[in-house]
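Engineer: Spelled out from the first residue to the last, the chains are:
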Amino acid sequence: RKEVEQDPGPFNVPEGATVAFNCTYSNSASQSFFWYRQDCRKEPKLLMSVYSSGNEDGRFTAQLNRASQYISLLIRDSKLSDSATYLCVVNRGGSNYKLTFGKGTLLTVNP
Amino acid sequence: DTGVSQNPRHKITKRGQNVTFRCDPISEHNRLYWYRQTLGQGPEFLTYFQNEAQLEKSRLLSDRFSAERPKGSFSTLEIQRTEQGDSAMYLCASSVGTGEANYGYTFGSGTRLTVV
Numbered sequence: 001r002k003e004v005e006q007d008p009g010p011f012n013v014p015e016g017a018t019v020a021f022n023c024t025y026s027n028s029a030s031q032s033f034f035w036y037r038q039d040c041r042k043e044p045k046l047l048m049s050v051y052s053s054g055n056e057d058g059r060f061t062a063q064l065n066r067a068s069q070y071i072s073l074l075i076r077d078s079k080l081s082d083s084a085t086y087l088c089v090v091n092r093g094g095s096n097y098k099l100t101f102g103k104g105t106l107l108t109v110n111p
Numbered sequence: 001d002t003g004v005s006q007n008p009r010h011k012i013t014k015r016g017q018n019v020t021f022r023c024d025p026i027s028e029h030n031r032l033y034w035y036r037q038t039l040g041q042g043p044e045f046l047t048y049f050q051n052e053a054q055l056e057k058s059r060l061l062s063d064r065f066s067a068e069r070p071k072g073s074f075s076t077l078e079i080q081r082t083e084q085g086d087s088a089m090y091l092c093a094s095s096v097g098t099g100e101a102n103y104g105y106t107f108g109s110g111t112r113l114t115v116v
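These protein sequences, in sequence, are chains A and B. Sequential numbering of the first sequence, starting at 1, is according to the working numbering. Sequential numbering of the second sequence, starting at 1, is according to the working numbering.
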């Protein structure tokens, strides 16, 4: 089993749609969780950290369920500029802060 | 530019040649990471430095790969006797050593290696 698994995608949605990404992780000792965004042929960029209580940043909402080892990202009112690959990322803890990435889910928002 | 800088941006090399990539992290960051990303996959961890010490290496880092970070500043990643399977984007990231739990890493733009 892979350490971080995401919806395989791709997702194609119309502008204004709500889209949800799901992710599971296998290591119950994981301590920190993130969503990164990666545009085509560019480097990954931090979209948001994911906190146990859930957190929101504008149109983006992230949720964490430690008991189920499940992370989600919800994008409301999607824009053309949201088209990208969304990477679920987990830090298993320890002193090296190594991040483990999922394969990513490609989102295309259509006009 | 105060971000993570990687050079070159692109490298095309013939199989069997050696290549070296450079990463200049954000100046106050003491942690530096190398990742490799192939098409359709997420980045995979290769190695990690804290200051000048290389503290962890992935099993992906075969003996043809070597990384250094002299003086705890810039880092180099060398691949000897390149193979076509080495074709990938090589990403460098740095972090400050505190607060990663909240802020993750800052990645450079990457070096795209094509082995022909």
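Quick caveat, the hints were computed from the structure, so don't treat them as lab data. Ideal Cβ positions, reconstructed from N, Cα and C, are used throughout, including at glycine. Keep in mind that the hints are not guaranteed to be accurate.
To be verified - Calculated from the model, a selection of chain A residues having no Cβ within reach of chain B, i.e. all distances over 12 Å:
1) Gln6
2) Gly16
3) Glu43
4) Ser49
5) Arg59
6) Asp82
7) Gly102
To be verified - Derived DEER-like restraints, expressed as beta-carbon distance ranges:
8) Gly58/A <-> Ile26/B: 22 to 30 Å
9) Gln84/B <-> Asn27/A: 27 to 35 Å
10) Thr114/B <-> Asp39/A: 14 to 22 Å
11) Ser68/A <-> His10/B: 21 to 29 Å
12) Leu74/A <-> Arg15/B: 23 to 31 Å
13) Gln80/B <-> Pro14/A: 46 to 54 Å
14) His29/B <-> Asn27/A: 43 to 51 Å
15) Lys79/A <-> Arg15/B: 20 to 28 Å
16) Pro8/B <-> Asn55/A: 22 to 30 Å
17) Leu39/B <-> Pro14/A: 21 to 29 Å
18) Ser28/A <-> Leu39/B: 40 to 48 Å
19) Glu83/B <-> Lys79/A: 19 to 27 Å
20) Thr20/B <-> Ala20/A: 28 to 36 Å
21) His29/B <-> Glu5/A: 26 to 34 Å
Engineer: If a hint holds in the structure, say so; if it doesn't, say that too.
Structural biologist: Okay, the hints, checked on the actual structure:
no.: 1; hint: Gln6; in the structure: violated, 8 Å
no.: 2; hint: Gly16; in the structure: holds, 28 Å
no.: 3; hint: Glu43; in the structure: violated, 4 Å
no.: 4; hint: Ser49; in the structure: violated, 5 Å
no.: 5; hint: Arg59; in the structure: holds, 20 Å
no.: 6; hint: Asp82; in the structure: holds, 19 Å
no.: 7; hint: Gly102; in the structure: violated, 5 Å
no.: 8; hint: Gly58/A <-> Ile26/B: 22 to 30 Å; in the structure: holds, 26 Å
no.: 9; hint: Gln84/B <-> Asn27/A: 27 to 35 Å; in the structure: holds, 32 Å
no.: 10; hint: Thr114/B <-> Asp39/A: 14 to 22 Å; in the structure: holds, 20 Å
no.: 11; hint: Ser68/A <-> His10/B: 21 to 29 Å; in the structure: violated, 42 Å
no.: 12; hint: Leu74/A <-> Arg15/B: 23 to 31 Å; in the structure: violated, 45 Å
no.: 13; hint: Gln80/B <-> Pro14/A: 46 to 54 Å; in the structure: holds, 50 Å
no.: 14; hint: His29/B <-> Asn27/A: 43 to 51 Å; in the structure: violated, 25 Å
no.: 15; hint: Lys79/A <-> Arg15/B: 20 to 28 Å; in the structure: violated, 43 Å
no.: 16; hint: Pro8/B <-> Asn55/A: 22 to 30 Å; in the structure: violated, 38 Å
no.: 17; hint: Leu39/B <-> Pro14/A: 21 to 29 Å; in the structure: holds, 27 Å
no.: 18; hint: Ser28/A <-> Leu39/B: 40 to 48 Å; in the structure: violated, 31 Å
no.: 19; hint: Glu83/B <-> Lys79/A: 19 to 27 Å; in the structure: violated, 41 Å
no.: 20; hint: Thr20/B <-> Ala20/A: 28 to 36 Å; in the structure: violated, 43 Å
no.: 21; hint: His29/B <-> Glu5/A: 26 to 34 Å; in the structure: holds, 30 Å
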